[in-house]
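Colleague: Hints given; two lone chains; assemble the complex.
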Amino acid sequence: MSLSNYEELAAIALFGIGLTLLILDRNLIKKIIGFSMSDAGIYLYLAARGYVEGRRPPIVENGVTDAAAYINPIPTGLVLTGIVVSVASSAVFLALAVRLYERYRTLNLDEITDRVRKEEE
Amino acid sequence: MKGANNRWLEQGDDALDRLIAERIDSPVPETPAPRPPRKRRVRTVHIPHALYLALALLLCLGIIGALMQTTARLPSFGNPDNPTNNEVSRRYLEQGLEETGAVNLVAGMILDYRAFDTLGESNVLFVAICAVIILLRLQQGEARPDDTAWEPRHDLILRTVGRLVVPLVLVFGIYVILNGHLSPGGGFSGGAVIGAGLILCRLAEGGERMGKVLSFRTFRALSTGALSFYALSKAYSFFTGANRLPSVITPGVPGRIFSAGLIPYLNIAVGLVVACTMYALFTLFRKGDL
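Going line by line, the protein sequences match chains P and Y.
Residue numbering for the first sequence follows the numbering used here, beginning at 1 and increasing consecutively.
Residue numbering for the second sequence follows the numbering used here, beginning at 1001 and increasing consecutively.
Calculated from the structure, these hints are not laboratory results.
Check the hints yourself; a few may be wrong.
Heads up, simulated SDA-like pairs for lysine to any residue below, C-alpha to C-alpha not over 25 Å straight-line [to be verified]:
hint, chain 1, residue 1, chain 2, residue 2
1, Y, 1287, P, 23
2, P, 118, P, 23
3, Y, 1287, P, 98
4, P, 31, Y, 1224
5, P, 30, Y, 1065
Small disclaimer: the values here were computed from a predicted structure and weren't measured.
Isolated chain Y, as found in the complex (with noise of 0.2 Å):
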C-alpha cells in the first residue's frame, strides 16, 4: 500500500515535472494577436475648387446678412436708456472711486472689483507663451535656419536712432503703467509698450548684447515671479478685504500717485508679464531662443 501509494506520488511527481516542462517549453499560449488596424479609407472628396468658393462665400455672407439684421434691430447707438447701461455699470461708476480709489474707473474695475478675471488673463499669456516655447524654442543639436543672419549688423542709423528712441520709450512705457490708475493707460498697454522698446532695442543692439540682458533664466524668474506676486496679494485683498470687511489695504486719497490699494502694483505686475512675452514672442519667432 505504501509502496503503491509512493509510486503513484512518483508518476505523480513525474507527471507533473512534464507538465511543467511542457508548459515551460510550449509557448505562451498568445491572445489572439490584435488584427491589423483596418486601414481607415479615409475618402478625400474633392469639391471642385469653384464650387467650395461659391459654397464658403455663400455661408460668410449668410452669416453676415443675419448679424447685420439683428444689428439692425438692436437698440440704438449711443442711446443712454439701452439696456446694457444698466445698474452694474451705474454701481462702478457711482460707487468705484470711493471703493477703489483709483480715478480710471476701468482700472477699478479690471483690476480690483474683477481682479480674478485679469489674472486669469495673465495666465492665459503665460500659457501661450509657454505653449510658443514648446513649439518653437531649438533642442539641443537642432539646427533651424536661424532669421538672426538677415539682421542688419551694427547698422548705423538703426543703432544712432535706437539709442536716441528706445530710453523714451521705456520711460513712456513706465509712465504708462505707474499712471494706470490715474489716466487712461495701465499694466497690458504700458507692458506693450515697453515690449515694443525692447524689441527695437534687441535690433539695435544686436541679439548677442541684449541675450546677456535678458536671458531665458531672467524671463522665467521676472514672468513667474510677477505673475505669482498677482495671485498672492490678490488671494490676501480677498481674504481680508472683500465684501467690505475692514482691510489694511486703503484705497487712500484718490489722485495719489501711492493710492488705490494694490492696484499700481498690480499693473506693474501685469506690465512685467505682458512686456516679457511681447519681447520673448519676437526673439523666439526670431532665433528659437531668448
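Just chain P, with the same shape it has in the complex (with noise of 0.2 Å):
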C-alpha cells in the first residue's frame, strides 16, 4: 500500500465532494453543480493516471518519436471526449431545470416531487 498517489487522492476527494453534493442537496442547480464537480474529479484522475514522471506532454519535438519520451495520450484524449459529454449533459440538466422552475417555482426537488404526487392523484 502506497500513500504517493497524492494527485489521484485529491481527485477522488473533488469527486466524493461532488458526490455528495448531488446526493445531499435538495437544490437542483445544486445538484447539477456536484454533478460537474464529480466529472472534475474524474477527468484529474484519468490524467493524472497518464502522467509519466519526467516525460513530456505528446506534441513531437525535433522529431524524436522515441515512447519514452512523452506520457501516455489515450488517457488525454479519454478526458477530451468526457470533458464534452459532461459539457453537454449540464446543459440538458439546466435546461430541464429551468422548465421545472417555470412550472412549479421552485427548485426544491421534494417540494417538486410532492406537487408531482398530487397533481398524479
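Modeller: This is how it looks when you write it as C-alpha cells:
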C-alpha cells in the first residue's frame, strides 16, 4: 500500500465532494454543480493516471518519436471526450431545471416531487 | 308446399329483419369497462431531515473511503512501468507521426485512429443542443420572462472593450483550431474560445444585431453541415485508406500547416460545431431563441 498517489487521492476527494453535493442537496442547481464537480474529479484522476514522471506532453519535438520521451496520450484523449459529454449533459440538466422552475416555481426537489404526486392523484 | 316455403321465408325474413333491427337499436354490447385505475397509494416516506443527512453522509463517506483505499493500492503515480503504459500507447507515440502526419499526437489519435469516437462525441453535443432547443425554445405565443431585459444596453465600457477584445479572441480561437495538428489545441478548445468570443460580442453589441449575423437558420446550416462533412469525409477515408491501403489522403510533411491528411479539416468542422453550440446554449438560456 503506497500513499504516494496524492494526485489521485485529491481527485477522489473532489469526486467525493461532488457526489455528496449530488446526493445530499435538495436544490436542483446545486445538484448539477455537484455533478460537474464529480466529473472534474474523474478527469483529474484519468489525467493523473496518464502522467509519467519526467516526460513531456505528447507533441513531437525535433522529430523524436521514442515512446520513452512522452507521456501516455490515451487518457488525454479520453478526458477530452469526457469534458465535451459533461458540458452537453449539464446543458440538458440546466434546461430541464429551467422548465421545472417555470412550472413549479421552486428548485427544491422535494417540493417538486410532492406537487407532482398531488397532481397525479 | 311452395306457399309454406314462401311463408317460412317471409317469416324468416321478418325474423331476420327484427333481429337486425334489434341489433342495430340495442346498444353495442360493451366490453367490460376498464376499471378505473386504482389509485396508487404512493406512500411518501418522510425520513426526518437529520436522519437523511446522516445516512447520505455515511453513504458518501463509505464510497469515498472505498475509492481511496483502492487508489492507495494502485501502482504509483508517474511510474513508467505502470501497466497503463502498454503497447497501445507505445504504438501511438512511435508510429503516430509517420502514420497520421500530426505533430500533436493527441490530435492524431482522436481525429485519425479514433475518429469515429470523436464523431460520436460531436454528435452527443449536437443531440444535447437539440434537446435544449426542444426544452427552451419559445413556441409561438408563449411568453417567458425575457432575461435580455437585464442586459446592459449600449454600455460604453462594455462596447469599447468588446470591440477591442472580440477580434483578438476570435483570431486566437481560429489559430488554435488551425494549429490543432501542430501544437496543443484543436477543434474542441478552439471552438470553445470562439464561442466565448461570440458570447462577448453578443453582450457588447446587443442581441438584435448579433441575431442578424447568426440567426437560427445559420446555426442550423453550420452545425449540420459541419457534422455531415465530418461524417462523409471520414467515411471516405475509412473506405479508401484504412488498414494501410493506399489512399489519396496522404499525411504530407509533418509540421506544415497543410499536412496530416484530413485532421485540419476535421478540426475546423469540430470547431464550428462547438462554437455554434456554445453560442446557441447561451442565447437559448438567455431568451429562448437565437
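Colleague: Take the hints in turn and mark each one as holding or not.
Modeller: How the hints compare with the structure:
| no. | hint | result |
| --- | --- | --- |
| 1 | Y:1287 with P:23 | violated (31 Å) |
| 2 | P:118 with P:23 | holds (24 Å) |
| 3 | Y:1287 with P:98 | holds (12 Å) |
| 4 | P:31 with Y:1224 | violated (32 Å) |
| 5 | P:30 with Y:1065 | holds (23 Å) |
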